[in-house]
Amino acid sequence: MKLHSWHLSITLVCLLFGTLFTSNLKTHLQEYNPMVARNKTLVNVINTQEQKNRELESEIAKIRKEIEAYHASAGVPSGLEPVKKDLERLHLLTGLTDVRGPGVIITLDDQEKARMAKEPEYYLIHYSSILYIVNDLRAAGAEAISVNGDRVVSTTDIRCAGNIILVNTHRLAPPYVIHAVGSPQRLEFAARAGEYNSLEQQKFPVTLEKNQNIAIPAYKGSYAFNYATPLKEGKQ
Amino acid sequence: MFKKKWQLTLTIAFASLGLLLSLQLRAHKAQVNDLNSQSSDTLAVIAKNLNTKYYQLIQEVWDLRTQRKLLEQSASQNKTALEAMAMEQQKLNIALGTVPVEGPGLIITVPENSENYFGSQDTIDIINELWNAGAEAVSVNGWRISNNTFFLPTNELSTIIMNDHKISYPYVIKAIGQPVALDKGISIPSGIIDNLKSIYKIPLEIKQVDKLGLPAISSPKFKYAFLVKD
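Chains as they are written, first to last, in this note's numbering: chain A, 1 to 236; chain B, 1 to 230.
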């Protein structure tokens with residue numbers, strides 16, 4: 001038999017086809033794992049709880065707006081003007097308001113290889129990268145930071161459970177977009193000197209752009225203090 | 001259209017290949033973020049964290065409702081309005097770290113050890129774990145942690161840059177919160193603390209205390225971020 005060049009093409013295509021087909025089958029088979037059935041309950045619990053928390057967060061946002069509106073109206077006795085001013089300052093500094101300003105936008109994504117790799121964790125963005133980039137941005141004087149629209153405040157935790165990244169207990173999906181307001185030059189310099197740089201070196205698809213008008217949403221969560229009580233100076 | 005039979009075969013083969021490839025990509029993408037493909041342990045952790053947060057959110061709603069009520073009632077009474085606003089002021093000053101605070105909590109000490117490096121990223125990791133475990137205020141070597149605290153490595157192995165100063169061994173991390181919950185929260189198997197202790201052999205000491213005090217820091221000032229009013 002005479003060999004044509006298309007013989008080679010067909011062989012290659014068939015080979016690829018076969019590999020992909022089995023790998024596809026494998027992915028699908030995982031869905032019939034008995035573990036999955038057992039986990040169904042937990043997944044339901046999570047979905048319900050996420051829904052409830054979202055409702056509470058919008059309730060919090062609503063009341064905060066109402067209180068703000070009340071402060072802005074003539075309702076507050078005039079003698080309390082200084083306290084009102086101070087509260088406005090505190091709301092801004094603790095991340096309870098939407099802010100705008102110049103800064104940088106950083107995006108991080110998993111490597112394409114992660115989809116096919118046997119050990120995908122080497123090609124996935126880990127929570128620690130986000131945590132360390134936030135630290136680098138703070139070092140450059142970032143005044144407001146958000147990750148996928150979730151405001152980062154002092155008590156924010158950035159963690160993972162399995163391969164899911166959680167910020168303020170919210171599940172995030174790639175790509176991870178970090179917004180930071182501050183001096184764009186300083187932010188870029190600090191980012192490129194830190195964790196962002198190592199991701200770039202490891203060939204992760206990452207981008208950094210300076211922007212003169214970045215919007216960062218307010219923190220939607222709580223500040224709950226049940227154990228910490230203030231020590232007032234001059235208190236007996 | 002197809003001059004030869006093999007052209008048709010090849011076209012069909014390529015078309016199916018493309019279809020399979022996209023299916024495979026989609027399956028993988030879904031898998032990464034799909035709760036259904038996570039282990040029970042992972043799901044249990046997520047569920048537990050959500051539940052803890054639920055109670056914190058309820059408390060915040062309660063606090064805010066009280067505040068709103070006091071404000072509404074106080075149209076003519078300075079006293080009630082002031083009370084509501086002072087409550088909020090106090091809370092936000094704690095969040096900002098601008099008032100010293102006291103309460104029960106946890107003290108983590110990292111003593112000097114010649115063999116193992118303990119650096120800025122370890123410190124960041126531990127603080128992150130403490131927030132997750134429900135810490136309300138944290139300090140490192142006597143400096144309060146705020147939203148602009150950062151840690152950077154130095155050229156020496158025995159120091160860490162914390163904001164504008166250098167800190168060194170022993171590193172003492174103090175956190176206010178429910179001591180048992182904090183201790184349990186940060187001591188999960190294969191967690192940050194567990195790994196530092198068992199893999200890197202860092203001789204960490206963790207102590208629950210009934211009372212500890214954390215100092216205040218001065219308030220930050222924003223130069224770039226400005227308020228968006230709607």
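By construction, these hints were calculated from the structure, which means they are not laboratory data. Note that the structure is predicted; figures quoted are calculated from it, not measured. Mixed in with the good hints there might be a few duds.
FRET-style restraints, in silico, Cβ to Cβ [as the list claims (entries may be wrong)]:
1. A:S58 <-> B:L227: 17 to 27 angstroms
2. A:E68 <-> B:P215: 24 to 34 angstroms
3. B:K207 <-> A:N226: 13 to 23 angstroms
4. A:E68 <-> B:G18: 19 to 29 angstroms
5. B:D41 <-> A:M116: 23 to 33 angstroms
6. A:F21 <-> B:L227: 51 to 61 angstroms
7. B:Y117 <-> A:F17: 20 to 30 angstroms
According to the in silico footprint, chain A covers these stretches of chain B (three or more CB under 8 angstroms from chain A) [what the hints assert, rightly or not]:
8. 4-11
9. 83-95
10. 130-136
11. 148-159
Where a beta carbon is used, it is the ideal one built from N, C-alpha and C, also for glycine.
Hint check:
1. A:S58 <-> B:L227: 17 to 27 angstroms: holds, 21 angstroms
2. A:E68 <-> B:P215: 24 to 34 angstroms: holds, 31 angstroms
3. B:K207 <-> A:N226: 13 to 23 angstroms: holds, 21 angstroms
4. A:E68 <-> B:G18: 19 to 29 angstroms: This hint is violated: roughly 54 angstroms between Cβ atoms.
5. B:D41 <-> A:M116: 23 to 33 angstroms: Hint holds: Cβ distance 26 angstroms, inside 23 to 33 angstroms.
6. A:F21 <-> B:L227: 51 to 61 angstroms: holds, 56 angstroms
7. B:Y117 <-> A:F17: 20 to 30 angstroms: Because 50 angstroms falls outside the window, the suggested range is violated.
8. 4-11: With 3 residues closer than 8 angstroms to chain A, the stretch 4-11 of chain B meets the three-residue bar; holds.
9. 83-95: With 10 residues closer than 8 angstroms to chain A, the stretch 83-95 of chain B meets the three-residue bar; holds.
10. 130-136: holds (count 4)
11. 148-159: Contact hint for the stretch 148-159 of chain B vs chain A: holds, 5 residues under 8 angstroms.
The structure is inconsistent with the numbered hints 4, 7, although it conforms to all the rest.
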